[in-house]
Amino acid sequence: MPQDWINVHTHRPGEGVNIVDPCLGNVIMPGQGAVYFSLGIHPMYIDDRVEERLQKIELAAAEGKIVAVGEAGVDRNALAPVEVQLKLFERQAEIAGRYGVPLIIHGVRAIPELITAYKKCRSHQKWIMHGFNNRREILMDLLRHGFYISAGRHAMNEESQVYRVLPEIPADRLLIETDNSDFTIGEVYGQVARRRGIAVEELQHIVRMNFDRLFKL
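Heads up, the sequence shown is in our numbering, so the first residue is 269 and it goes up one at a time.
Wrong hints could be hidden among the right ones.
As the list claims (entries may be wrong) - BS3-like, lysine-lysine: derived pairs with alpha carbons at most 30 Å apart:
no.	residue 1	residue 2
1	Lys-484	Lys-324
2	Lys-388	Lys-324
3	Lys-355	Lys-387
4	Lys-333	Lys-388
5	Lys-394	Lys-324
6	Lys-355	Lys-333
7	Lys-355	Lys-324
8	Lys-484	Lys-387
9	Lys-333	Lys-387
10	Lys-388	Lys-355
11	Lys-333	Lys-394
12	Lys-387	Lys-324
13	Lys-333	Lys-484
14	Lys-394	Lys-355
15	Lys-484	Lys-388
16	Lys-484	Lys-355
17	Lys-484	Lys-394
To be verified - The calculated label-pair distances, taken between Cβ atoms and stated as ranges, are:
no.	residue 1	residue 2	range
18	Lys-388	Asn-345	22 to 28 Å
19	Arg-317	Glu-427	24 to 30 Å
20	Glu-319	Val-468	41 to 47 Å
21	Arg-432	Arg-412	17 to 23 Å
22	Arg-462	Arg-344	31 to 37 Å
23	Ala-439	Ala-302	22 to 28 Å
It should be emphasised that the hints constitute simulated quantities derived from the structure, not laboratory data. Keep in mind that this is a model prediction, so the values were computed, not measured. Each residue gets a CB set at the ideal place from its N, CA and C atoms; glycine is no exception.
All chains should be modelled from the sequences, with the hints used to inform the complete structure.
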């Protein structure tokens with residue numbers, strides 16, 4: 269059923285339950301479906317208003333207006349130095365920990381740094397690696413450290429790294445997203461379910477259980 273779709277990270281909400289990150293601008297609300305918000309400073313969009321933006325994230329978390337912090341992270345393609353990105357990421361992780369909400373993570377060629385940050389923060393909150401598309405060794409390292417794995421647009425490509433490792437993601441760590449892609453949430457669920465050899469309804473149940481455990485809405 270459409271209401272059973274859960275989209276853990278999107279900039280373009282559709283049917284089902286959506287966790288929306290408005291960092292790309294105005295969000296067009298869907299005609300149907302539930303919308304919740306996350307808020308973070310994407311590493312590609314670090315500017316001279318960082319302190320002001322951090323205050324907004326903190327206030328939104330304190331007032332219960334967001335259900336997650338992020339997306340936040342480290343991207344080696346971004347203009348800001350990696351050291352600057354890491355410090356900002358850690359500050360956002362602290363906010364997530366302080367208010368007991370998950371952290372949605374953007375990581376490009378920076379997984380070791382993010383795992384080190386996880387150890388440093390000693391966070392009891394859950395960290396979600398969004399848009400995962402990496403090799404098996406990286407997946408296993410993230411899983412060992414308690415990360416949740418969100419599969420999205422890259423899973424639609426049968427030549428992608430995430431497509432190859434989809435069957436190896438434990439059911440209790442798997443989430444689904446669309447990010448900013450043109451794929452519908454139903455299409456992503458269908459692809460992931462086929463790759464894992466299960467029915468879409470079973471995948472919906474898996475993601476619902478993980479979502480409820482993480483977000484407690």
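> What hints, given by number in increasing order, does this structure fail?
Replying inline: Those not satisfied come down to hint 19.
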